[in-house]
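**Q** Spelled out, the chains give:
Number of protein chains: 2
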Amino acid sequence: MNQIVEACQRFYLEDLQVGQRFTSDCCHMNEDRIKAFAAEFDPQPFHLDHAASRTTVFGGLAASGWHTAAVAMRLLVTGGLPLAHGIIGLGCELEWAKPTRPGDTLRVETEVLEVLPSRSKPNQGVVRVRSTTFNQDGESVQVFKGKVLGFRRQAT
Amino acid sequence: MNQIVEACQRFYLEDLQVGQRFTSDCCHMNEDRIKAFAAEFDPQPFHLDHAASRTTVFGGLAASGWHTAAVAMRLLVTGGLPLAHGIIGLGCELEWAKPTRPGDTLRVETEVLEVLPSRSKPNQGVVRVRSTTFNQDGESVQVFKGKVLGFRRQAT
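Top to bottom, those sequences are chains A and Y. In terms of our numbering, the first sequence is residues 1 to 156. In terms of our numbering, the second sequence is residues 1 to 156.
It should be emphasised that the hints constitute simulated quantities derived from the structure, not laboratory data. Each hint should be verified, as a subset may be incorrect.
Each pair may be met inside one copy or between any two copies, as identical chains are not told apart.
To be verified - Derived lysine-lysine pairs resembling DSSO-like cross-links, with alpha carbons at most 27 Å apart: (1) LYS121 x LYS98; (2) LYS35 x LYS121; (3) LYS98 x LYS35; (4) LYS147 x LYS98; (5) LYS98 x LYS145; (6) LYS35 x LYS147; (7) LYS147 x LYS121.
Make the full structure from the sequences, and use the hints.
**A** Printed below as a string of structure tokens:
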């Protein structure tokens, strides 16, 4: 079941069910932005320079995995995971299955794995999700399995 | 044992041992940069706006967890984890124990947890590390447990 989300619809803890799926918009990975992100946060040759990247295990220019992760977050926040009160992560597992390349177009598909109401905080709970980031060829470039906060409708 | 690393010293797979520790430089978390990162990758009120953040679970402006992760990567790449041929992550677990706040100064301490030579690729191996990011008060803001590639000295 792929959830059809109306604009502005936001999901509270009691609206979420195991197996529920959400799909994000797309994001184009611009080469200049890949290099700029790398220059600031991950200044390694395979993220910065075509020629230098060819002799590395990447075999060509690749985005930093942290850039892929950050773009996936943007896609979740801008509609890919429409949680009421936002997306607040507690922790996660990340796997980078394939590099993200300049010119790739990414989208994120999310599945709800578990919904755990809090015993101590009646307004809150933890939602376990798996968010897979795909490129334009349907190849997985990142799998994020994370715990995020969920809020009940009556939460202030 | 905290490794004293000479400038330009780079560690190959055979130089790494379980329990070896490395310490990064520091990075100051500027409020403007926190907001700019959030505007691009994690546009949520608690990362963008002081007033709006006060009524959230953060209780004040907080950096995106992905910003903390990206800065930790910069600190690893710029000396905090001096691996020969760079830091190439295969996957990781991340936990955000506390928010990073504007004005925080972060540093990363890394411990080698496991060194696993590859059976199929004689020049390579996998290194499991735990990198804890601390703020200026010695509080952990992020724990990264990751698998990164290691290369043998004879690798071309």
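**Q** Hint by hint, which ones does the structure fall short of?
**A** 2
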